[in-house]
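Engineer: Sequence:
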Amino acid sequence: MSVSTTENDRYGVVVPIRSLQTGKSRLSTGSDALRSQLALAFFLDTIAALERSREVKRIVVVSSDTTIYRCVQARCDVVTDNETGLTAAVDIGVEELRKTGHLGPVAVVLPDLPFATAEAFDALFHAAREHKQAFLGDQTGDGTTCVTAASVDTVVHRLGPNSARAHAEAGLTTLGVPVPELRSDVDVLNDLDHRQQLRLGVETTKVLSLAGASIANQST
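Taking the numbering used here, I'd label the letters of the sequence shown as residues 20 to 239.
I should point out that these hints are in silico values taken from the structure, not numbers from a laboratory.
For clarity, every value in this text was computed on a predicted model and none was experimentally measured.
There may be inaccurate statements among the hints.
[Claimed, not checked] Label-pair restraints from in silico Cβ distances:
1. Gly120 <-> Gly195: 28 to 34 Å
2. Glu149 <-> Ala52: 40 to 46 Å
3. Thr224 <-> Pro197: 19 to 25 Å
4. Ala52 <-> Thr25: 43 to 49 Å
5. Gly160 <-> Arg89: 19 to 25 Å
6. Ala189 <-> Asn101: 24 to 30 Å
7. Lys225 <-> Thr192: 33 to 39 Å
8. Asp206 <-> Ala52: 17 to 23 Å
9. Ala189 <-> Gln216: 29 to 35 Å
[To be verified] Taking lysine-lysine and the DSS-like style, the derived pairs with C-alpha atoms no more than 25 Å apart in a straight line are:
10. Lys118 <-> Lys151
11. Lys76 <-> Lys118
12. Lys151 <-> Lys76
Heads up, the beta-carbon is just placed ideally off N, CA and C, and yes, glycines get one too.
Using the sequences provided together with the hints, build the complete structure.
Structural biologist: Given below as structure tokens:
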């Protein structure tokens with residue numbers, strides 16, 4: 020049974036992303052250009068799923084990359100940062116929501132979720148609404164793919180190495196909702212191979228199809 024969501028119940032989502040030239044350095048594609056294309060594709064598939072989610076009111080992208088800006092400036096609010104790190108980027112995005120009067124809950128979503136779907140975000144955000152502060156761990160159990168809070172004033176984030184443990188120690192609730200699409204972030208090419216039961220987004224599928232043999236050779 021679907022539950023209607025009012026405007027003030029819907030999420031403001033912050034998506035921080037590093038420069039495409041330096042981000043996703045662990046993706047061993049044999050080509051810096053291909054690595055950048057994959058990083059962009061992962062991000063765009065994440066954004067597309069968020070846009071279709073009934074639980075999302077607004078998306079704030081934090082990036083200094085001009086390609087990122089061109090790709091989403093008509094669909095999202097884009098604010099720049101000085102590439103001073105993930106923590107600072109998230110804080111900039113949350114402050115943008117605060118300054119512009121966002122009254123609803125807040126989520127921080129990392130930009131490398133090429134398997135993401137709107138339905139998975141709907142389920143995640145619906146479950147997270149029951150908690151003042153919560154997080155979704157990645158499939159390894161070590162990292163975090165999403166942090167949620169009841170408002171801009173209650174956002175707590177400890178993103179980075181071993182962030183799942185850090186978030187739990189900070190008092191955030193661990194979300195157990197079954198959304199493998201949102202736990203499956205991609206740091207290395209083998210992450211794509213190991214999740215064949217999930218469906219990749221359109222943009223990532225395009226890049227992989229065009230890359231063809233070069234991707235296959237690097238992931239073996």
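Engineer: Please go over all the hints and tell whether each is borne out by the structure.
Structural biologist: Structure-based check of each hint:
1. Range check, Gly120 to Gly195: Cβ separation about 32 Å, and the 28 to 34 Å hint holds.
2. Separation of Glu149 from Ala52 is about 44 Å and conforms to the stated range, judged on CB atoms against 40 to 46 Å.
3. Checked against the hint of 19 to 25 Å, the C-beta distance between Thr224 and Pro197 comes to roughly 24 Å, which is consistent with it.
4. For the pair Ala52 and Thr25, the beta carbons lie near 45 Å from each other, so the given range of 43 to 49 Å is met.
5. Here the CB-CB span from Gly160 to Arg89 is close to 36 Å, at odds with the stated 19 to 25 Å.
6. Between Ala189 and Asn101, the C-beta spacing of about 25 Å keeps the proposed range 24 to 30 Å intact.
7. Under the hint 33 to 39 Å, the C-beta atoms of Lys225 and Thr192, about 37 Å apart, fit the expected range.
8. Distance hint check: the CB atoms of Asp206 and Ala52 are about 19 Å apart, consistent with the given range 17 to 23 Å.
9. For the hinted restraint 29 to 35 Å between Ala189 and Gln216, the CB-CB distance of approximately 32 Å keeps it satisfied.
10. Between the alpha carbons of Lys118 and Lys151 the distance comes to roughly 21 Å, so the proposed pair stays at or under 25 Å and holds.
11. Our distance criterion of 25 Å between C-alpha atoms is met by Lys76 and Lys118, whose separation comes to about 16 Å.
12. Straight-line distance between C-alpha atoms of Lys151 and Lys76 comes to about 19 Å, which keeps the hinted pair within the 25 Å bound.
Violated hint: 5 only; the structure is consistent with all others.
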